[in-house]
Amino acid sequence: MIPSIPQSRSFRLAYGGYVLLFFVYLALPLTVVAVFAFNDSQFPSLPWEGFTWNWFFGSERPQIGVFHERGILRAVGTSAFVALCVAVLSVAVGTSNAFLFNRYEFRGKGLLYVLMLLPLVIPGIVLGISILVFSSTLANGLWDLAQMDIQALRPGLLLVVLGQFSFITTIATLVISARLQKFDRTLEEAALNLGADRLTAVRTITLPFLAPAMIGAVVVAFLMSFENFNTTLMLVGSDAPLTIAMFDRLKEGSTPLLNAVSLLLMLGSSLLALLVILFQRKP
Amino acid sequence: MTPDLECADLVKQFGETTAVDNVSFSVPPGSFFSILGPSGCGKTTIMRMIAGFLDPTSGDIRIKGGSVLDTPPNKRPVNMVFQHLALFPMMTIAENIGYGLRRRGMAKPDIARKVDEALDRIGLPGIGTRKVDELSGGQKQRVAIARCMVLEPDVLLLDEPLGALDLKLREHMKVELKALQAAFDTTFVYITHDQSEALVMSDQVAVMNDGRFEQIGTGQDLYYRPDTPFVAGFIGDSNRWKGRIERSEAGTVQLRTDTGLAMRASGADLAEGTAAEIYVRPEAIRIAATAEALSTFDNQLKGTVTSLLFNGAASRVLVQDDVGETLEVTLPQSGEFASLQRGDTVHIGWGATQATCFGAG
Amino acid sequence: MRSQSRIAFYLLLTPLVLWLGLLIIIPHIDMLLISLRERISFGVYETSLTQYEKALTEPLYLRTFARTAVMSVLATAITLLIAFPVAYYIAKMAKGRLQQVLFMLCLIPFYVSELVRTFGWMILLRETGIISNLLQWTGLADQPVELLYTDATMMVGLVYTSMLFMVVPLVTTLESLDDSVVEAGYDLGGNGLSVLREIIIPHAMPGIVSGCIVVFMLSLGNYLTPTMLGGKDSLWFTEMIYNQFIVRSNWELGAAFGFMLLLLSSVIVWGMLRLTGRTLKETMG
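Residue numbers (the working numbering), protein chains in the order written: chain V, 1 to 283; chain H, 284 to 644; chain B, 645 to 929.
Since the hints were derived computationally from the structure, they do not count as laboratory data.
As the structure is a computational prediction, the values presented were derived from the model and not from experiment.
Just so it is clear, CB atoms sit at the ideal spot from N, CA and C, and this is done for glycine as well.
To be clear about the criterion: a stretch of chain V counts as covered by chain B if any three or more of its residues have a C-beta under 8 Å from a C-beta of chain B, and this derived list gives those stretches:
# : segment
1 : 15-24
2 : 44-56
The list that follows gives simulated cross-link-like pairs (lysine-lysine, PhoX-like), each with its CA atoms no further than 20 Å apart:
# : chain 1 : residue 1 : chain 2 : residue 2
3 : H       : Lys-414   : H       : Lys-397
4 : B       : Lys-876   : V       : Lys-251
5 : B       : Lys-925   : V       : Lys-109
6 : V       : Lys-182   : B       : Lys-925
All chains, full assembly: derive it from the sequences and hints.
Structure below.
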């Protein structure tokens, strides 16, 4: 079943057909979402009422486009802010973790490594509620102790950031560790030999080597945060990120406005993904 | 006797390039046949066509007289030892060797017995339960051969199986492979780019270049009587000159090199005035302290030692003659030249039959 | 360790410990404690197993729990069956450019939010959706067909959502299978089926295990797909957690549910690792 093994024509056709069908299955939902963003109707469904840009640029009821819909725009801003915080935090901690696991031998390293992987096998919703429970225990404790009410510990953006950070950091650590493992330690030794101190050697030699992985991790973290739903759902306060805002609207019944937002999301994330690929292909 | 393997006018094209260009050969039963050539010459393509992993563009492959072109690879009576052996890492040694027997639906106790026999035969009894990566390179080699031999194939194909071994082990495995072939009494077709492997083990060697067979013959044929300049240059080392024929009679030619050296050589009928290439092996040149000692040789020169290349039994000296040309000469190990030094004047000579001459197109 | 190196070590250790301690370990311990208490009156709590007792005796809870587990296993199996041939095609049959393009095509849908993907399925499958219209147009149905809100629909959504996490590890392990090993299998007399069973699948086992673990986790913890595509009377366990926490504000019971979900996923992941003799580190790292 590799090209060098002769196969009957019908088998090859059937196999090729299956793979084609699979990709149709993959593309189908995204395609309809994209196409109905241009339907000149109140509903993202048949019949097709004609082509319109209104769901992007329209400014009058009933067809208010994405770029004039304050609720959506604010949610995008919230999401972007959260995603940026999560990306920066998780890549910073992830880099530190990668160095720790790659460069040091210490007691309990194996255990810590397994603990580090755990967030990947904890359902997102459980991560969300555990953080919710703990932060409210903290807040209540502080209130009982000192009559202080820390709003930040109540559901809201800080908790959303922390909740997403708690599992995205694992992914950032893995991505950066993988690259650090490929690093040739003698390069750093050469830098030391040529008169650099330890920190300078890391800064001038190791970090530039890690840069592609770190940038990749930033983008992956950003996208994962942007599209996260489960953890966010449990921790969200009054400022809803985009996925939550869209979910609320979807429950009420959808208009092609949601298609337009979705299409923009698709374009945005493909563009980001493409940028990373282009960046990493550059030697 | 029907040959075990016969390829007739075999051609394989990949798009515009012709990887195998009209190759024909036949391998008699029980012999060790090697295809020797530089990498990219098309030898792997031939082997993969015989195994059934590639379809020839034209031509025929016959095993024991019958064409196998329509037989899929898993039904062909040939087995292959892959370049990197392709032992199945997910199985034990015994499971590896028994794999083909299981495919034939042989009963379990019979398989176990056959596997044990095969392990005995390759001198590794009792390792059946081990994992592939617990074996050394040489052991893996033998297991890969045993895995094929339990199926009693008509022809065993070996695709540079010694390439990954270190030098010492490779030397050892050459002898062992030859012994295994004799023990199993099976036809081996071996491909390699290492001439020593081919020469040591084979009954017949085909030298391949650029998709074509240059010459098929025994090791001696190739070494002493190369048919083409490529074979002369590829097998062993040579001193080479380009020149022009001055006289030609009865298989011997007299010629002058481009640097002005007069020389007698043996060569096919080459007309006077044609351009020619001359090959003389370093080990065919005799070295002496005086010109008298070389009086029986057709070609004689006086020169200065410019460099001593000590390499044990294969030690050589570089000798520069009066016109400034450098020749490589093998140093006899009988002791008389032990004190030879750079700058010494020496006499060298060789017979016309030791100098092979080809017309240069 | 020299003192400079020791300082660096502690500097690197601190963020890791803070992260794991404050965001993973302590919150889970706190959640466990909450799930183990019973509210007697306002502000007065007692330690007890009441929540778990409730969860294990109320048929609705128990049925939802079992249903979620079984459906997740089923979704994992279906995803594996669909993904394997595709991953094999990408890893071993497609070459060069085509291989890269197909792999990229597999990744693209997953850069898009799960919400968008689910929304796409709603547009396709609802009563006024594309498929319903298509069926009417071809004459296979004479009135609008509601395809949403069934278990089958939910399964389509779950499989779709997790596909990437199966395809990628499978492609990665299958790519590392040397062509000559497959050829050797054929050369020694094997046919497609026996080579698949004895060579390809054993080789792909690490990828199969890690793919299955991730897909199972994602299905088990999924909230959107069951809510949007599943039937009204077919609850998913995550929905019950959400309801207890957000709608009923019964955190004690919700925490107990959360722990049950965590326990279930741990047991299944552990069982799968155990069955194949692998460690979490090999599989995830």
